[in-house]
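Engineer: Sequence:
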Amino acid sequence: MNIKQMPSEEKPREKLLREGSDRLSTTEILAILINSGTKEISALEIAAQLLSMDKRGVRFLAECSPEELGRIKGMGQAKICTVLAAVELGKRIAAAPVRDRNLIRSSSDIADLFMEKMRYYKKEHFVSLMINAKGEIIEETEVSIGDLCSSSTHPREVFVDAVKRSAGSVVFLHNHPSGDPSPSDTDIQTTKRLIEAGTILGIPVLDHIIIGDGIYVSMKAMGLI
Numbered sequence: 001m002n003i004k005q006m007p008s009e010e011k012p013r014e015k016l017l018r019e020g021s022d023r024l025s026t027t028e029i030l031a032i033l034i035n036s037g038t039k040e041i042s043a044l045e046i047a048a049q050l051l052s053m054d055k056r057g058v059r060f061l062a063e064c065s066p067e068e069l070g071r072i073k074g075m076g077q078a079k080i081c082t083v084l085a086a087v088e089l090g091k092r093i094a095a096a097p098v099r100d101r102n103l104i105r106s107s108s109d110i111a112d113l114f115m116e117k118m119r120y121y122k123k124e125h126f127v128s129l130m131i132n133a134k135g136e137i138i139e140e141t142e143v144s145i146g147d148l149c150s151s152s153t154h155p156r157e158v159f160v161d162a163v164k165r166s167a168g169s170v171v172f173l174h175n176h177p178s179g180d181p182s183p184s185d186t187d188i189q190t191t192k193r194l195i196e197a198g199t200i201l202g203i204p205v206l207d208h209i210i211i212g213d214g215i216y217v218s219m220k221a222m223g224l225i
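Using our numbering, you'd call the opening residue of the sequence shown number 1 and step up by one each time.
Don't take each hint at face value.
[Claimed, not checked] Estimated spans, in silico, between C-beta atoms of each pair:
| hint | residue 1 | residue 2 | range |
| --- | --- | --- | --- |
| 1 | G135 | G90 | 53 to 63 Å |
| 2 | D213 | E140 | 14 to 24 Å |
| 3 | A86 | E142 | 16 to 26 Å |
| 4 | T199 | S25 | 50 to 60 Å |
| 5 | Q189 | T38 | 48 to 58 Å |
| 6 | L16 | E142 | 28 to 38 Å |
| 7 | K91 | R18 | 23 to 33 Å |
Hints are computed from structural coordinates only; laboratory data are not their basis. Think of the CB as a built atom: it goes at the ideal place given N, C-alpha and C, for glycine as much as any other residue.
Please model the complete structure; the sequences and the hints are all you need to start from.
Structural biologist: The following block contains the structure:
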């Protein structure tokens with residue numbers, strides 16, 4: 001059924017204004033973003049097809065490509081851009097509240113700050129957080145993307161910005177695309193090497209946090225730091 005032919009109380013936009021966005025189904029939210037269907041298929045039906053593309057449902061949208069969305073009939077360039085922009089906005093909103101509270105008291109503060117951004121990465125991203133004497137993040141630097149053993153994770157590259165910013169300490173974090181945050185032997189060896197370098201430079205490593213899919217591991221909590 002075309003959305004225009006639906007009873008007013010069932011139309012997604014009217015329902016949102018009347019009952020609030022939290023009362024909409026995921027399909028209805030997507031239909032609003034898609035805005036219009038084709039002569040053969042409604043926006044609601046297109047939305048339903050998008051959600052059934054992968055067994056992960058809406059979570060699939062967090063990491064799908066424009067080409068993948070374009071496989072659905074009725075998903076033109078404008079609709080694809082709208083959906084992907086909305087997904088990215090959702091990620092940034094999820095991270096923003098904690099990002100404003102840049103005082104770090106525990107590993108969970110850092111995990112909350114980066115979880116929604118890093119849990120969907122398809123490659124490993126290694127990030128260095130520079131911390132001042134008050135325990136506040138003064139800068140975030142993405143050191144490398146890919147293999148944690150790459151040359152870009154050499155202590156020289158990792159600590160160069162921390163030295164420039166006169167950081168009192170650093171916290172490292174990276175993600176595991178597999179979703180399992182358990183540290184590998186490489187993670188442990190790399191961390192130990194960086195701890196040694198930090199000790200020499202007088203910039204202690206407070207923690208190394210590994211982000212998985214909705215879960216994280218603190219190497220400090222594990223007794224590895």
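Engineer: Hint by hint, note whether the structure agrees.
Structural biologist: Hints versus structure:
1. G135 and G90 have their C-beta atoms about 29 Å apart, which leaves the hinted 53 to 63 Å range violated.
2. About 21 Å separates the C-beta atoms of D213 and E140, a value consistent with the hinted range of 14 to 24 Å.
3. Roughly 24 Å separates the CB atoms of A86 and E142, a value that falls within the hinted 16 to 26 Å.
4. T199 and S25 have their C-beta atoms about 54 Å apart, which keeps the hinted 50 to 60 Å range intact.
5. Look at Q189 against T38: about 55 Å separates their beta carbons, and that is inside 48 to 58 Å.
6. Checking the proposed 28 to 38 Å range against L16 and E142 shows it holds: the Cβ atoms sit about 37 Å from each other.
7. Separated by about 28 Å at the C-beta atoms, K91 and R18 satisfy the suggested range of 23 to 33 Å.
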